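Novice: Please arrange chains B and C on chain A, whose structure you already have, making use of the hints.
As a plain string of letters, each chain reads:
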Amino acid sequence: MRHFLTTENWSRVGLQNLLNQAGLFKESPFSDDLKGKTVALLFFNPSLRTRCSFDVGVYQMGGKATPLQSGTETWPLEFEIGATMDGLAEEHVSEAAKVLSCYFDLIGIRAFPKFQNWEEDKQDKIIQSFAKFSCVPVFNMETIVHPCQELALMKSIQDNVGSSQNKKMLVTWVPHPKPLNTAVANSACLISSKFGMDVTLLCPNENFILDDRFINAAKVNAKSEGGSFRVSHDIKEAYDGVDMVYAKSWGALPYFGNWDAEKPIREKYKNFIVNEEKMALTNGAYFSHCLPMRRNVKATDAIADSPKSLIIEEAENRLYVQKAMMKELLKGGEK
Amino acid sequence: MRHFLTTENWSRVGLQNLLNQAGLFKESPFSDDLKGKTVALLFFNPSLRTRCSFDVGVYQMGGKATPLQSGTETWPLEFEIGATMDGLAEEHVSEAAKVLSCYFDLIGIRAFPKFQNWEEDKQDKIIQSFAKFSCVPVFNMETIVHPCQELALMKSIQDNVGSSQNKKMLVTWVPHPKPLNTAVANSACLISSKFGMDVTLLCPNENFILDDRFINAAKVNAKSEGGSFRVSHDIKEAYDGVDMVYAKSWGALPYFGNWDAEKPIREKYKNFIVNEEKMALTNGAYFSHCLPMRRNVKATDAIADSPKSLIIEEAENRLYVQKAMMKELLKGGEK
Amino acid sequence: MRHFLTTENWSRVGLQNLLNQAGLFKESPFSDDLKGKTVALLFFNPSLRTRCSFDVGVYQMGGKATPLQSGTETWPLEFEIGATMDGLAEEHVSEAAKVLSCYFDLIGIRAFPKFQNWEEDKQDKIIQSFAKFSCVPVFNMETIVHPCQELALMKSIQDNVGSSQNKKMLVTWVPHPKPLNTAVANSACLISSKFGMDVTLLCPNENFILDDRFINAAKVNAKSEGGSFRVSHDIKEAYDGVDMVYAKSWGALPYFGNWDAEKPIREKYKNFIVNEEKMALTNGAYFSHCLPMRRNVKATDAIADSPKSLIIEEAENRLYVQKAMMKELLKGGEK
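Protein sequence lines correspond, in order, to chains A, B and C. According to the working numbering, the first sequence is numbered sequentially starting from 1. According to the working numbering, the second sequence is numbered sequentially starting from 336. According to the working numbering, the third sequence is numbered sequentially starting from 671.
A portion of the hints provided could be inaccurate.
[Said to hold, decoys possible] A partial selection of chain C residues facing chain B, derived with a Cβ cut-off under 8 Å:
hint, residue
1, THR708
2, GLY732
3, LYS734
4, THR754
5, GLU761
6, CYS772
Note that these hints are calculated values from the structure, not bench results. Small disclaimer: the values here were computed from a predicted structure and weren't measured. Here a beta-carbon is modelled for each residue, glycine too, at the ideal position from N, C-alpha and C.
Only chain A is shown next, with the shape it has when bound in the complex (with noise of 0.2 Å):
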C-alpha cells in the first residue's frame, strides 16, 4: 500500500507516468477505475477548486467521494500517542483513521499548519498520523506541502513550456496582507527541482527562506536530475531570462506564530508584486498562480488576464492529475 502525502518519496518516472495518465484522462473523462469505490475528503479547512475537482474526478471514474468538513460536520481529534483526552479532543485519529478505512478505499487530507509553532507544524502530524493508522492510501489535498498542486504546476509547464529539463524556473515570493502557508512554495521549489528545471527561489531576504527540509531536498533532486537550485534576493537578476514565473506568499518562517512582528517586515516588500515591467525580463515566460489568487495584491490584472497566465489552465489539471493519482493509489502505487 502506498500513500502519497509528498512528491518527496516519488520517483521522477513515477510522478512523470502520473502526468502522462492525467494525460489521457484530459483527453477522455470518463472512466470505470473507481466503479463501486468511495474516497472521504475530509477538510480542516476551506477548500474550491480541490473540494470540487476531487468530487467531480471520483463521480467521473465511476465513484463515490463524501467530502467532511471537520469542526462544523464532524468531532475535534486528538492526535498524540498515548494522550489522556480530557482536553477538547473527542476522539482519536487512530479511531478515525481505521473507521474511515472500514467505509472507504481512499481517504483525501487537508490540514494547513497551525501557524502558532513551526516546529510543531513541521511535523504534519495530522496527515502522517492519518497516514500511520489508516488501512487504505491516503492523499494530501494540502498540509505542509501540496503534491496536487505540484502536477498540476508541472502539466501546465510541460503542456506549454514544453520539456522542463533545464528550463528556467522563477518561484517568487510576492505580497499578501497576511502570512500564509508555505506549502505551495516548499511544493513548487520540489517539484520543478524533481524535473530537472534551473530553479531560482526569489525572497526578499533570509527571513523568507523556506524551511531547510524543502531546500535541501530541492538541492538533492537538482543534483541528481541535472537542474540547478538557487536562492536570489535580487528581483532584476532573477527575473531575467526565466521560462516561467510561480508566484507565492508565506509568512517568515523565523517569526512564525509571531505575527505582529513579522508584519511590518512582510509590508515592506509590496514591490515584489509580479507585473509587467517584471514579466518583460524574462524570455517570455509563463505565469501561474494556485488559486486563490489576491488581484492586484500577488500580481497585476494585466498579468493575471495576459495570454500567458495558466492560472485556470493549472487550476483545471487539478481535475485530471488527482484522477491519475488515485488510479495509481488504487493499483498500489508505484513498485
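Specialist: This is chains B and C only, laid out in the frame that chain A set:
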C-alpha cells in the same frame, strides 16, 4: 449559451415549454439528460428545499450535483473588477467562475441581498459576475428574484386553478418579525403578469411597493400578455373575488439598511396575516407561499393546512421545474 | 409504512432478521435495493461514522444520500403544533417533513437532547415530529436512543461472543469531562436485554441510573426473553465473570440542566475507567464502546488496543446493519 438568471428575458412560450417538460418529469422522474454531467450548487445563504431538490433532481437525471456552502466551505470572494484585493476576499469571482466552469456543466447560485444598500443589492452583482465569467450556463437559486420558485408557482396554478389567462391573482404582503428579501414578491409579480393574469399587489402603504424594475416589468407583461397589474393598499377590496392568493413578507425599500426605523412601521400591519376571514372574500381561491413560512404570523394554521393550500405542492414542483430548466440550459436554451 | 425510531417496538425476530441481512451485506456489499432511491440525512449535531456509513451504504445499494447539516445549511425549525412563529424558527417541522418526503424515499434524523430539561428532551420531539409529518419512513441516527448503534453492537456480540442468550453483559458508566447524552447507554440496555442477555448496569450511584422508561423496558425485555437485568454500584462484583463489557459515559439525570452542580459528583468517579485490572475480573470478556471514545479517560490504551477490543468492528458493523435497516424500511417494515 443561455443562463437562467431571471424570467424577464424568457418568453412566455419558452417558460411554458419548461412547465410542460416539468409535467413530463413529474410523471416519469428518471432520465439520462444529465448522464456524466456535473452541477455546482453554490450557496451564500441557507437552504433546505433548493439544496435537496437540485441534489435529488440531478441524481434522477443521471448526473452529479456538488453543493458548496460559501463561508464555511469556500473562500470569500471579490466581485469588483480591477479591485486591489487587500481586504477580506481571497479570490476573485473571475477565477472562481472560470475554475468552476472547468469542473462543472452547470452552475447554480444562491446569493441573497446584503440588506445594507438597495442600490448596491439591486445590481445582483454576485450572480451577474458568475454569469459574466462562467463558460457554462448559470442558474439562479434565489438572489433578488427567485425564478425557480416562479416556475413552481405557475405550475401549481396551472395544475389547480387551470389556465392562468385573466385569472385573478393576489400577491399580498404579510407580516414577519424581520425585514425580508423582496425576491419572491418580485418574482410572483413577474410570473403572474407574464402568464396573463389579472394581478393585484396588496401592501400596507407606498413604503412597501416593490422596486420600479419589477413594477414596470409587470406592467409591460400585463400589456403584452392581455392581463393587468395594479397596486392596492385596501385588504377587502384586494381579496374580493380573486382566484389565487400568494403571500410573502418583505422589508420596506425606502428604509433599506435602516431597519430599526422600519421595524415599527412594519409591525403596525400584523392584520395582513392571511386567515379564513380574508379567504372568505375570494372566489374560493387557492393559497400558496414559498417555504419556509412562519405559521400564525404570515398565515394561520387553518389556511396553511386547508385543502386549498398549495404550499407543499409548490415545493414539490420545484423538483420538476428545475429539472426542466437544467435540461433546457444544456440544450443551449431557447433559440 | 414503518419507521425505525427505537428498537422498543421491534421484535427480537425482526431485529435478528436485520442482523442476518447485515451479515449478507458484509459478504456482498453491492446491491440494487436503493436503485433510483434518495435518502435525506438530517444532522442537528456533528457526526463522523454516521454520516460516512450512511453515505457509503446508500451508494453501495445504488441510491443517493443527501447529508444536511442543520444550522449552517438549513433553516431553524419549529416543533410545536399551533405555535405563533414570531421567534427564531423560520420553518415548521410539518412543512420540512412533508417537503423532504416529496424529494426523498427515506429520512434519517440525528437530534441530540438540548441538555436543559430532561422532561422536555425525553419527549424526543424532533424525530417524533418528523415521523408524524413525514410521508416516508424515518430512521433514527441518534436522539435519546441510538438504535443503529444497538444493531452494530449486537452484531459484534454475535460474531465474537456467540449466541447472546444468557451471556453476561456489563454496561458500565465511565468517566468523561463533560456530561454526555444517555442515548447509547439506554440503547445498550435495550438491545442486550432484548437479546436475552444477563445484563448488569454498573454506575457510581443512584444519581446515574438511567430514565425509568429504559430501565423498565430492559426489565420487561429480560422477562420475555429469558435474561435478566439489574443495576449495580459495585465495580468488582459487577465485572465478575462477565462475557462482554460495554462502556459509556453520561450525565446524572437528577442534575440535568444543572451541570455545574453535577460536575463535582461526576468527577469523583474517575476510577470507573475500564482498565486491565478490571478486565482481569471478567470471563475473558470482549470490550466495546461506540465511537468517539476518549482514550485513557473512559478506557486505557491497553484495553482500546487489545485483541478483545471490538470498537473498530462495531463501527464497521454500522455500515452493514444500516443497509439492512434501510432495505427493510423500504419493504414497509416488519409485518
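Novice: Next step is simple, just say for each hint if it's right about the structure.
Specialist: Comparing the hints with the structure gives:
1. THR708: With a closest approach of 5 Å, the THR708 (chain C) hint holds.
2. GLY732: violated (11 Å)
3. LYS734: holds (4 Å)
4. THR754: holds (4 Å)
5. GLU761: holds (3 Å)
6. CYS772: holds (4 Å)
When the structure is compared with the earlier hints, a violation turns up for hint 2 alone.
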